[in-house]
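Number of protein chains: 4
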Amino acid sequence: MHAAPNPADARSTTRLRVRFVDTDLMGITHHGAYFTYLEAARVDWLRRRGATYADWANQGLHLAVIEVHAAYNHPARFDELLDIETTLTELRSASLRFDYRILRAGKVIHVAWVKLACIDDEGRVRRMSDAVRAVMLAKEHVQPSEPI
Amino acid sequence: MHAAPNPADARSTTRLRVRFVDTDLMGITHHGAYFTYLEAARVDWLRRRGATYADWANQGLHLAVIEVHAAYNHPARFDELLDIETTLTELRSASLRFDYRILRAGKVIHVAWVKLACIDDEGRVRRMSDAVRAVMLAKEHVQPSEPI
Amino acid sequence: MHAAPNPADARSTTRLRVRFVDTDLMGITHHGAYFTYLEAARVDWLRRRGATYADWANQGLHLAVIEVHAAYNHPARFDELLDIETTLTELRSASLRFDYRILRAGKVIHVAWVKLACIDDEGRVRRMSDAVRAVMLAKEHVQPSEPI
Amino acid sequence: MHAAPNPADARSTTRLRVRFVDTDLMGITHHGAYFTYLEAARVDWLRRRGATYADWANQGLHLAVIEVHAAYNHPARFDELLDIETTLTELRSASLRFDYRILRAGKVIHVAWVKLACIDDEGRVRRMSDAVRAVMLAKEHVQPSEPI
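Residue numbers (the working numbering), protein chains in the order written: chain A, 1 to 148; chain B, 1 to 148; chain C, 1 to 148; chain D, 1 to 148.
Treat the hints as calculated values from the structure; they're not laboratory data.
All the pointers check out, no bait thrown in.
Identical copies go unnamed one by one, so any copy, or any two together, can satisfy a pair.
With a cut-off of at most 20 Å between alpha-carbon atoms, the simulated EDC-like pairs for lysine to aspartate or glutamate come out as follows:
#1 K107 to E146
#2 K139 to E85
#3 K115 to E67
#4 K107 to E67
#5 K107 to E80
#6 K115 to D9
#7 K139 to D83
#8 K115 to E85
#9 K107 to D79
#10 K107 to E85
#11 K139 to E90
#12 K107 to D83
#13 K115 to E90
Given these sequences and hints, build the entire structure.
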């Protein structure tokens, strides 16, 4: 089963700040650090739809990264505020894809996509339950009041 | 010159969330991740006193970690909100010390201290300027409106 | 100028071990950790051709990541030995591309490619010098005797 | 029960290289990265005594960090080779302590100690088995032939 998420519903934006530890000796954000931003934004995306990924993980549902692509257009630097725009673009029975744009002061500096598979505690692929699918197709309805 | 910061002025609290990448296969927050929380809290502590550590770094002033101690009383877990209580407890001419308590839901789970030296771009120790000292002795007067 | 590296010359293999810190609460290697393996393998690839990337960095030549793609076929786990097979597949005047396969016990578990741009200390793109190009087109001729 | 390990038997040295990702915008190794070196050296220390920490972890025996102290005397830099000298200095019924010196070209640049508790999969402290104690009190007798 392959659902096409409604683009207007499927998007959320998460603001993050670049930490000192994320920088490298070039003075810029290390390319690997962006994947931690995308991951934090995914967790926030779910929270804005009423789901807590930590609860899912405790119940044995994991979203494991299976494929990524990222283009680094402009470097981010220490202490900058980044807006991570996260959009669910594909929802299959046991996998999904998020597309990302990272903006700094309104300018796109990074574009990426990440595919994830639903797996259980033993790493076996499993279909999403209806409850999980409902979260994925929901629109943002929770405004985070705490740090993401 | 050795100033004793006023304890009431010298304390700020920063709320952070444990990220997925911070966990390890024991299912808890990796011990090394706490140092990134303490670091982010230091940057926030300065911002609450009107200083931007990134500006200092760009001007060639760095605060390099020279000694740390940490006791892990209870493990933190993915997605938990942590309050990092940061207190400047020593201010010397070219070095300083912060004491930390990390609380989860009001309970102390981690205690640490970090000593830092003021260095320039070449790594030479240098005295703090009066402007920098003034920031260190200021009380918190900026409420952060953005992610830390 | 666009050189097609000789495939036989352009490949090196680097063996690494998964560290505890690289794991996450799923019990597997975090997807972001692979980029640090690919990076370490690039540094090793250069060393095997007589170049020390650290020297280049000190001289103001950096290879900045501008695009990546990675497919995670099978998870790696703590303490496993991984063979990172690194092949230079594109060499342009100011950029290059490495293709990677990560093998565990002879089985491919991860496939990736990384594009890098040559930049200077200010982040400006610059052409590779002839000396740098010569390294890129050299075959492996140094056997590492130290950890990579 | 509190055993005093024989100092001559209790020491091993592990050589590591500083990776690019370990650096920060000061151009030096980030203070947090050292804890990953100490951890990798502990795993190597055990392997040199015939034990595989990964096997222990799979069997539900974990060594969780409960306290650390570290003094940073001289910064390490990208690509440098570091010798991590690891000594078991305390062995109690359910905890142990390692003392560390990190040397670069024979010069001590970092001194640290780390206390660990033996815990099970649920995080409960548990006594070391005789088999585990025997490993801890053994002298180094395996020469690693693979990357650590």
